[in-house]
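Please construct the entire structure, taking both the sequences and the accompanying hints into account.
Residue numbers (my numbering), protein chains in the order written: chain V, 1 to 327; chain R, 328 to 613; chain U, 614 to 869.
Just so you know, the hints here were simulated from the structure itself, not pulled from any lab data.
Backbone N, C-alpha and C fix where the C-beta goes; we use that ideal spot for every residue, glycine too.
Each pair of labels, with its calculated beta carbon distance range: (1) U:H779 <-> V:Y306: 37 to 47 Å; (2) V:S28 <-> R:V406: 39 to 49 Å; (3) U:Q758 <-> V:A298: 23 to 33 Å; (4) V:V85 <-> R:V406: 50 to 60 Å; (5) V:A322 <-> U:R757: 16 to 26 Å; (6) V:A302 <-> R:R567: 37 to 47 Å; (7) V:F30 <-> R:R516: 54 to 64 Å.
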Amino acid sequence: MEQPAYQNPLRTGAIRPAELLPWLAAGSGFFLFPDYLQLGAQILIMVLFAMSLDMILGYAGIVSLGHAALFGTGAYTAGILSAHVGWSEPLSGLVIAGLVAGVVGFVCGAVILYTRGLTLLMLTLAVTILLQELANEQEHWTGGDDGLQGVVMEPLFGVFEFDLYGQTAYLYALAVLFVMFLAARAIVNSSFGQSLRGIRENERRMHAIGCPVYRQMLRAYTIAAVMAGVAGALLAQTTEFVALDVLSFERSGDVMIMLILGGTGRLYGAFIGAPLYMILQDQLAKLSPEYWLFGIGALLVATILYAPEGMLGLTERLRAWATREDS
Amino acid sequence: MINSLVSIAFDGLAFAMVLFIISVGLSVTMGLMGFVNLAHGMFAMLGGYIAVSFIREFGVPFLLGAPLGCVAVALISVVLERTLYRRLYGGDELQQVLLTIGLVFMGIAVCTFLWGPLNVQLDVPSYLKGQVDLGFRRFPTYRTFIILVSFAVIIGLWYGFERTLLGAKVRAAVDNQRMAETVGINIRRLFTLTFALGSALAALGGALGTEILGLTPTYALEYLVYFLIVVAVGGLGSLRGAFAASLILGVVDTAGKYYLPAFGAFFIFAVTIILLLWRPQGFYAR
Amino acid sequence: MSDALLEVRDLSKSFGALVVADAVSLSLRPGARHALIGPNGAGKTTLVNLITGTVEPSAGVILLDGHDITHWPQARRVKRGLARTFQINTLFRGLSVLENVCMAVSERRSLSARLWRRADARGDVIAEAMALLESVKLDEDAQRQVRELPYGRQRLVELAIALGLHPKVLLLDEPAAGVPSTESHVLLEAVEALSESIAVLMIEHDMDIVFRFAQRITVLVSGAILTEGTPAEVGADPRVREVYLGENAELRGGSR
Ligand SMILES: Nc1ncnc2c1ncn2[C@@H]1O[C@H](COP(=O)(O)OP(=O)(O)O)[C@@H](O)[C@H]1O
Ligand SMILES: [Mg+2]
Chain V
1 MEQPAYQNPL RTGAIRPAEL LPWLAAGSGF FLFPDYLQLG AQILIMVLFA MSLDMILGYA
61 GIVSLGHAAL FGTGAYTAGI LSAHVGWSEP LSGLVIAGLV AGVVGFVCGA VILYTRGLTL
121 LMLTLAVTIL LQELANEQEH WTGGDDGLQG VVMEPLFGVF EFDLYGQTAY LYALAVLFVM
181 FLAARAIVNS SFGQSLRGIR ENERRMHAIG CPVYRQMLRA YTIAAVMAGV AGALLAQTTE
241 FVALDVLSFE RSGDVMIMLI LGGTGRLYGA FIGAPLYMIL QDQLAKLSPE YWLFGIGALL
301 VATILYAPEG MLGLTERLRA WATREDS
Chain R
328 MINSLVSIAF DGLAFAMVLF IISVGLSVTM GLMGFVNLAH GMFAMLGGYI AVSFIREFGV
388 PFLLGAPLGC VAVALISVVL ERTLYRRLYG GDELQQVLLT IGLVFMGIAV CTFLWGPLNV
448 QLDVPSYLKG QVDLGFRRFP TYRTFIILVS FAVIIGLWYG FERTLLGAKV RAAVDNQRMA
508 ETVGINIRRL FTLTFALGSA LAALGGALGT EILGLTPTYA LEYLVYFLIV VAVGGLGSLR
568 GAFAASLILG VVDTAGKYYL PAFGAFFIFA VTIILLLWRP QGFYAR
Chain U
614 MSDALLEVRD LSKSFGALVV ADAVSLSLRP GARHALIGPN GAGKTTLVNL ITGTVEPSAG
674 VILLDGHDIT HWPQARRVKR GLARTFQINT LFRGLSVLEN VCMAVSERRS LSARLWRRAD
734 ARGDVIAEAM ALLESVKLDE DAQRQVRELP YGRQRLVELA IALGLHPKVL LLDEPAAGVP
794 STESHVLLEA VEALSESIAV LMIEHDMDIV FRFAQRITVL VSGAILTEGT PAEVGADPRV
854 REVYLGENAE LRGGSR
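Written as structure tokens, this is what we have:
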């Protein structure tokens, strides 16, 4: 007699071979594209950022247009620590930035998670723009429109300098992403993660089975905030600069689009969507910004209409279809 | 001092009226179908561009340009509604958000291609230039014109909403969709109709408001937030709510930019947050 | 009356001008098998919503096991042993049948705050959920997504979730609605197999089911209780017949 498995095979907590692919790709990228490591590091950072959005959007079903608020908080915390406080040790800076973003996320979440739908959308949006206006106004601390200059990073572990080619940056971002991914993976596969999926699938039923829905959502929001803050801090540290657009509404939109393109509620969607988006952007925007905008718009519309579960959902469907043909 | 207060009130009112005309359609359609249409700002923008083109390229008189823009935008919106929007009714709001954002991106690209990235001016005829004397003070003629036209539209809207069968149906459907369906109202058809009307109004506001809001391809995103605030703060599907929210937003934004320009849009977002926390469903909740 | 598990006193609620609960009083003792009947729109579902806390009453008191729960949040009531099913399936459609039931079981066991340990490693939760599925003959479908199941079988998931909460008081809102009559016995047997210590309130239109299940029946009309009594008493009441004859004609015409 076979022991009945708990979940369908796609969502089980056991490690599948395919899960190694993105890490192999990221690892070999280091050797294959030595001239693109700066871009590569930024892609890895956006993967982390998109993954944190997946925690709340893909798992808990919270549609936020303000995730950049947390990314930006992390970026400015790390940047200001170095530029103004003189705290330039990267790892501790990363931790502090994550914690600050977590606190901000907790406070914001505590307020906005009482609402739903359009109101929640507008509140998340308003908070981001408010923070951006604030950052713009506090020029002394943030450099305002010109961005925060003077961020300097000490060598990682006191040994590895942040070099011009981005080698250290790339490996640093990859390592942090990996650690964060392991944590996120454990969390979404835990009972807590299951409960979040329940909230996304049917909030009314979760109330009816006695789930403290608000508290669960707030927990998820805070965890995602820490991850977003770490992503922002990584960007500040690896580029040694913080631009005002870390807090922009556009960044919130970008990261959501990346996640949707890859597929929500899978963690790995971020690993597909972010590179796809950023490489397309890099290539198309060279031709002309309009091409890029039109292309991404069309891709988005097509995704929603024909592959609402993103690239990953599409491959899953194709695979299911192929195996059915076989048998 | 008094002078600047009057100016702010006047400019704020003109801005508020444009906001209202553009946003009211969004409010009603969102109230009706719960469809989060982020492309609404694009309809306003298209209204502006099309009106400008008619006036410039085809020599259409100014007062005819805007209505032509409305008709064109209404047609475009119905085509989009029938082919794309329809497929996501009753679906989740995230998909609606993303589909319409995708449309906005494409719209921005097309407008940049057709009209260029720079600000396009609406050529105001000479009789609307300069200032008018309203007895106690002189005001810019064009903005006075905007306010007067808006008042006319509001009266028309109020009449249509409160006194016609169509308006009664819309009110009933916004209020309680299931009930409306059981008394034989065809929600889909009603929605298409109001959607077209709402888009036409957006186009009108877009055309009239270029003098205040400017007209660049990024308009569709830049002002979208304002329109959404009006809808959220006013309450979905509420004309009165949209009107009150437009007034508050228009005046606060104008005053904020006048007195504390360094803070940019800080105040309206602060006010938005406060109002939404005070009334999460908006002023006039269903 | 202090030995009642659930007691509702003078509960009232109106939506605008529409009175949907008009000073409703009801009491369930341990072991109660109570049916709530009444025409469509009488306010039966609203009464369940009031008791479970999805709708705030305008007046009245609700006692659960002696505690005044009138203003408690929903989740707290559930933790105290109040469970319900929905008239219209309210399930996790994208999850498997087993996951649906595990959700309830792990919530009851207060595991949902656990961040790290893998949910699929909790054999006890899974075993318990599987046992529940067997009791409603759904074990074969455990791995299927709920949305793939026929509506009638989804109704059984609805029941299994509620049972997974180990309720003291179970409120069933038309559990057999949409279940083919050939299968409704599974549902009834599962309800009949429940422990004598728990109280069950069932809203039901099918009079065969009502008479098979109920020890007592309450008739609700326009938000107010028309009468309450044993099946024999209620069945003989001319007022009930009057209400139901009109209703039956409508039911046949309007049922889906
Ligand atoms: N949230 C609500 N807002 C307004 N009216 C409601 C609401 N919920 C229920 N009603 C109305 O209350 C009445 C009773 O409904 P319900 O409790 O579902 O009746 P039943 O379950 O007995 O068929 C109906 O007329 C229904 O339209
Ligand atoms: Mg009912």
